[in-house]
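On the provided structure of chain A, position chain B as indicated by the hints.
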Amino acid sequence: MLKLLLPVDGSDNALRAVKHALDTRTWYRDLPEYYLLNVQLPVASGAVKMFISQQQLDDYYQEEGAARLAAARELLKSAGVICHARVAVGEIDGCIVRHAKELEASLIVMGTRGMGAVRNLVLGSVAAKVIHLSEVPVLLIR
Amino acid sequence: MFESLGAPHFWVGLLEIIGVNILLSGDNAVVIALAARSLPAGQRRQAVLFGSVAAIAMRVVLTVVAAGVLALPYLKTLGAAALLWIGIQLLLPGRDNASHAATGRTLFAAIRTILIADVVMSLDNVIAVAAAARGDLTLLVLGLLISIPLIVFGSTLVLKLMDRFPIVITAGGALLGYVAGEMLMREAVLQPWLPPDEGIWSLTLPVAGALLVIVVGKLLAARHDGAAPQRVIELAEGERK
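Line by line, the protein sequences give chains A and B. When you line the first sequence up against this note's numbering, it's residues -16 to 125, in that order. When you line the second sequence up against this note's numbering, it's residues 27 to 267, in that order.
Bound-form chain A, shown alone (with noise of 0.2 Å):
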């Protein structure tokens, strides 16, 4: 079974990732099975833990990350294909890669830039590092 894990993070050019993910379904064989993720970067330390409950933070963070994932999840949705939602906490591109590694995707089909776009980079630092430290193929869409 073909898995495709879409990082995604809300920023139009991921979003177009999904759409290209999704309109070159064709390409292959059998339907592939999306699986979107958004990652959370942590925001509670030791310290907050003492007094904010895990099922808090995961609310917290489940809130956030379906917010961000609403758009590439009605996307897929509307065109009737498989897809998981997930939200990952921790730092970015290194919740990518493992989630790549621990789901055995096939590939990784993400945007260059996100969020935080700055006009001249050509890539963006998440694109880059996941470039650099996964084993599963990326392939990039501007």
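Fair warning: there could be bad hints in the mix.
Said to hold, decoys possible - Dumping the calculated EDC-like pairs for lysine to aspartate or glutamate here, alpha-carbon to alpha-carbon at most 20 Å: (1) Lys84(A) x Glu260(B); (2) Lys60(A) x Glu260(B); (3) Lys(-14)(A) x Glu260(B); (4) Lys60(A) x Glu16(A); (5) Lys244(B) x Glu74(A); (6) Lys(-14)(A) x Glu57(A); (7) Lys112(A) x Glu85(A); (8) Lys(-14)(A) x Asp6(A).
What the hints assert, rightly or not - Now the stretches of chain A that chain B is said to cover, found in silico as 3 or more residues with beta-carbon under 8 Å: (9) 7 to 18; (10) 67 to 75; (11) 111 to 120.
No lab work stands behind these hints: they were computed from the structure. Note that the coordinates shown come from a computational prediction; the quantities given were computed from them, not determined experimentally. The C-beta atom is built at its ideal place from N, Cα and C for all residues, glycine as well.
Below, chain B without anything else, positioned relative to chain A:
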């Protein structure tokens, strides 16, 4: 009060206070925000408002007390040690553990959480600000005034900054070490053993403090480098928010 504005040590102190506040206020604001999130929408604002006011009041009282306490013999040494420890802690990755706290869903529970958290988590900020103020009342007052908006607005932005640019954390730890060293220089009881507090010599302990934090922090952090289980939350099919 205003004559001290001309002295360079005032501005150094002020920059230190601003830096320390930015670095250490994040946690308070995160607790306030997250504790309030568990409440129904109507009560959230009350919780945030009450929590912020209480945090500020607590901060003022504790800082004044700390400033007074630090004037006592040997307390500066203790304070310096505390700051060094806090600085080192900052450099350690402590974010991977699961929390064992309970979720509070009533306004009362949220406020109680915020108050207790305020006391515990303000301590480092209070010590650092009192230390950087060097007994100068103007600096102390300014330092407190600056912390107020940071408590209310600071948090997530600062924390995200710290995650994006890890160098900020290292710089922050070094800053605390620097302030610790400065305070130690002013410890009356140790004067016979300390280098003279003038010219280039006055930088010896501060720089030593900064370096100590960086070195020890990095060493300890390197030991922790393991693969902690990654937290992944699956969004259920029906979930639309």
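Hint check:
1. Lys84(A) x Glu260(B): holds, 17 Å
2. Lys60(A) x Glu260(B): holds, 16 Å
3. Lys(-14)(A) x Glu260(B): Status holds; Cα separation ~16 Å.
4. Lys60(A) x Glu16(A): holds, 12 Å
5. Lys244(B) x Glu74(A): holds, 18 Å
6. Lys(-14)(A) x Glu57(A): holds, 19 Å
7. Lys112(A) x Glu85(A): holds, 18 Å
8. Lys(-14)(A) x Asp6(A): holds, 15 Å
9. 7 to 18: violated (count 0)
10. 67 to 75: Coverage by chain B holds for the segment 67 to 75 of chain A (8 residues, Cβ < 8 Å).
11. 111 to 120: violated (count 0)
Violated hints, in rising order: 9 and 11; the structure is consistent with all others.
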